[in-house]
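A.B. asks: Sequence:
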Amino acid sequence: MSDYRPLTALPPVPGYTTGDVLVLFGELFGRGYANGLVEEAKRLGMTVIGTTVGRRDSDGTLRPLTAEELTEAEALLGASIINIPLEAGFDMETPDGQPSIAEQLKKAKPDEWQQVSFSAEFIAKAQAAGQARFTANVAQLATELERRIPAGANLLFAHTMAGGIPRARFFMPLLNRVFKGTGDKYLPSEPFWQSGVGQLCDASFNEVTADTFRYLLDGTASLRQRVTAGGGKVAYTAYGYHGTGILLNGEYRWQSYTPYLQGFAKMRLEDIAAEARQQGVNATVFNCPEIQTNSSALFLGVELSLYPLLHSVRNAVGAAAAPLEQRCAELLQEDTTLAGLLAEADAYLTNPLINDSLEFSGWPQHSSKEQMELMLATSNRLMALHRDQKQLVCAELSRLVFRATGRLIVQGSWSSQEAAVWLNHDLIAQLVADQRGADLLD
Numbered sequence: 008m009s010d011y012r013p014l015t016a017l018p019p020v021p022g023y024t025t026g027d028v029l030v031l032f033g034e035l036f037g038r039g040y041a042n043g044l045v046e047e048a049k050r051l052g053m054t055v056i057g058t059t060v061g062r063r064d065s066d067g068t069l070r071p072l073t074a075e076e077l078t079e080a081e082a083l084l085g086a087s088i089i090n091i092p093l094e095a096g097f098d099m100e101t102p103d104g105q106p107s108i109a110e111q112l113k114k115a116k117p118d119e120w121q122q123v124s125f126s127a128e129f130i131a132k133a134q135a136a137g138q139a140r141f142t143a144n145v146a147q148l149a150t151e152l153e154r155r156i157p158a159g160a161n162l163l164f165a166h167t168m169a170g171g172i173p174r175a176r177f178f179m180p181l182l183n184r185v186f187k188g189t190g191d192k193y194l195p196s197e198p199f200w201q202s203g204v205g206q207l208c209d210a211s212f213n214e215v216t217a218d219t220f221r222y223l224l225d226g227t228a229s230l231r232q233r234v235t236a237g238g239g240k241v242a243y244t245a246y247g248y249h250g251t252g253i254l255l256n257g258e259y260r261w262q263s264y265t266p267y268l269q270g271f272a273k274m275r276l277e278d279i280a281a282e283a284r285q286q287g288v289n290a291t292v293f294n295c296p297e298i299q300t301n302s303s304a305l306f307l308g309v310e311l312s313l314y315p316l317l318h319s320v321r322n323a324v325g326a327a328a329a330p331l332e333q334r335c336a337e338l339l340q341e342d343t344t345l346a347g348l349l350a351e352a353d354a355y356l357t358n359p360l361i362n363d364s365l366e367f368s369g370w371p372q373h374s375s376k377e378q379m380e381l382m383l384a385t386s387n388r389l390m391a392l393h394r395d396q397k398q399l400v401c402a403e404l405s406r407l408v409f410r411a412t413g414r415l416i417v418q419g420s421w422s423s424q425e426a427a428v429w430l431n432h433d434l435i436a437q438l439v440a441d442q443r444g445a446d447l448l449d
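Heads up, the sequence shown is in my numbering, so the first residue is 8 and it goes up one at a time.
Careful, some of the hints might be misleading.
[Stated by the list, open to error] DEER-style ranges, computed between Cβ atoms:
| id | residue 1 | residue 2 | range |
| --- | --- | --- | --- |
| 1 | A445 | A146 | 40 to 46 Å |
| 2 | G238 | T68 | 40 to 46 Å |
| 3 | A131 | D342 | 33 to 39 Å |
| 4 | R443 | P106 | 51 to 57 Å |
| 5 | F125 | E337 | 30 to 36 Å |
| 6 | A82 | G170 | 34 to 40 Å |
| 7 | E337 | K114 | 35 to 41 Å |
| 8 | S126 | R334 | 51 to 57 Å |
| 9 | R334 | A146 | 45 to 51 Å |
| 10 | Q340 | R176 | 22 to 28 Å |
| 11 | L69 | K116 | 27 to 33 Å |
| 12 | D395 | A131 | 18 to 24 Å |
[Said to hold, decoys possible] Taking lysine-lysine pairs in the DSS-like style, the calculated list, with each CA pair at most 27 Å apart, reads:
| id | residue 1 | residue 2 |
| --- | --- | --- |
| 13 | K114 | K49 |
| 14 | K192 | K49 |
| 15 | K114 | K192 |
| 16 | K116 | K132 |
| 17 | K49 | K187 |
| 18 | K114 | K132 |
| 19 | K116 | K192 |
| 20 | K113 | K132 |
| 21 | K116 | K376 |
| 22 | K116 | K187 |
| 23 | K376 | K187 |
| 24 | K49 | K113 |
| 25 | K116 | K240 |
| 26 | K192 | K113 |
The hints are simulated quantities; they were obtained by calculation from the structure and are not laboratory data.
Please read these numbers as outputs of a predicted model, since none were measured by experiment.
Where a beta carbon is used, it is the ideal one built from N, C-alpha and C, also for glycine.
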């Protein structure tokens, strides 16, 4: 995909109703984007069916959830879960009895990262083993769904799988240098990404973030045909990120967090949706704004583009934004104003060092030392303006984003005609200004 296609108007009111089904393809952990999907599906009266990635025993064996784990996972989701382990990736595979990638990396030293590599043949075998395991489990999932989807129901699959960093402590010091390093600890993203371990990460990101969407589409083809033959609609959605349009100096501009190395897999995800569209399948990647998540501790600075959302909401609803602004202001130090916080965020986002280096056609861009040091310093400075580092303005705004995008994705999936669209700050503001989204400001 190469065209920037932001949604500029709210999607039509969807036809989902009681008895229709949302299948969450990816386990729900904590609070994040997927919570918005579940909340909206339940608001519309849909039945939610969850899935799990399973768990690994101490010997590395992948298994379903235990009865206790399943109870906890279903309580978190607020719905039933099909207990078939859908862990994606290949870093734990042991082709031909060889130690897995994760096991082999236990012996690797981070300061020798440039010398670490795996043979193409070994990677290919591990990938094939991971794909075979995953697709076999997707087939089991589809069989179980055949029994659970009522005749005549509409069906929405929501792909929420992302990530793919191989599970080895080896990577953490390196990723801290790539995403949070300054001075002598700064590691440019480009040489890291072009190295053997970087290309391993790239292959793993592709497998987990993107290729699982294809496996879902292929593995549920028979179910899709059955539902549509019975008069129901079937839609597939996936979460993407490909930069975001934010309001700066009175106009909306596309911007992006840099370096977003997962972006290559996100573009692959868009391509998979485009292929499905060509085959007549309703599949859409919804590119969403950045939020603050559990992984934000690694991607420090990703939250900086969240602050201007307050401008968009104020422009759309006027005084009705006051409660949101008040909640945000109360999180700041006594000598700090929300206006001052926003001014500093705007100054960073319009800084030529940040703004002039962004290019949609060249996305995702790699980092420079000067850009990273400015981003990290600004992020730290704005966080220091809060009373409590665990209660941040960005957390409040993130809640609005994931609830709003969940609503927009569920509603937009019904009539979507595009393989990839952008849900920018202006569309979120439109939603909260509309009767369909006024409650999102609560």
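A.B. asks: Against this structure, judge whether each hint is valid.
C.D. replies: Now the hints, each set against the structure:
At about 43 Å, the CB distance of A445 to A146 agrees with the hint of 40 to 46 Å. Between G238 and T68 the CB atoms are about 43 Å apart, so this pair conforms to the stated range of 40 to 46 Å. A hinted range of 33 to 39 Å for the beta carbons of A131 and D342 is inconsistent with their spacing of about 59 Å. At roughly 53 Å, the beta carbons of R443 and P106 sit within the given window of 51 to 57 Å.
Judged by the Cβ atoms, the range 30 to 36 Å given for F125 and E337 is violated: they are separated by roughly 51 Å. A hinted range of 34 to 40 Å for the beta carbons of A82 and G170 is inconsistent with their spacing of about 24 Å. Against the hinted window of 35 to 41 Å, the Cβ-Cβ separation of E337 and K114 comes to about 50 Å, which falls outside the hint. Checked against the given bound of 51 to 57 Å, the beta carbons of S126 and R334, roughly 54 Å apart, stay inside it.
Under the hint 45 to 51 Å, the C-beta atoms of R334 and A146, about 47 Å apart, fit the expected range. The given range of 22 to 28 Å is broken by Q340 and R176, whose C-beta atoms sit roughly 36 Å from each other. For the pair L69 and K116, the beta carbons lie near 28 Å from each other, so the given range of 27 to 33 Å is met. Checked against the given bound of 18 to 24 Å, the beta carbons of D395 and A131, roughly 49 Å apart, lie outside it.
Between K114 and K49, the direct Cα distance comes to roughly 47 Å. Violation of the 27 Å bound is thereby established for this hinted pair. Taking the CA atoms of K192 and K49, the gap is about 47 Å. The hint is violated against a cut of 27 Å. Between the alpha carbons of K114 and K192 the distance comes to roughly 22 Å, so the proposed pair stays at or under 27 Å and holds. Between K116 and K132, the direct Cα distance comes to roughly 24 Å. Compliance with the 27 Å bound is thereby established for this hinted pair.
Using a Cα cut-off of 27 Å, the hinted pair K49 and K187 is violated, with the two alpha carbons roughly 39 Å apart. In summary, the hint linking K114 to K132 is supported, as the alpha carbons are separated by about 21 Å, within the 27 Å threshold. At roughly 16 Å between alpha-carbon atoms, K116 and K192 fall within 27 Å of each other, so this suggested pair holds. For the proposed pair K113 and K132, the alpha carbon gap of about 20 Å is at most 27 Å, so the pair holds.
A distance of roughly 24 Å separates the Cα atoms of K116 and K376; the hinted pair therefore holds under the 27 Å criterion. At most 27 Å may separate the alpha-carbon atoms for a hinted pair to count; K116 and K187 meet this at roughly 19 Å. Between K376 and K187 the CA atoms are separated by roughly 11 Å; this keeps the pair inside 27 Å, and the hint holds. In summary, the hint linking K49 to K113 is not supported, as the alpha carbons are separated by about 44 Å, beyond the 27 Å threshold.
Restraint check: the Cα-Cα separation between K116 and K240 comes to about 52 Å, which exceeds 27 Å; the hinted pair is violated. This hinted pair checks out: K192 and K113 have alpha carbons roughly 22 Å apart, not beyond 27 Å.
The structure does not agree with the numbered hints 3, 5, 6, 7, 10, 12, 13, 14, 17, 24 and 25 stated previously, though it agrees with the rest.
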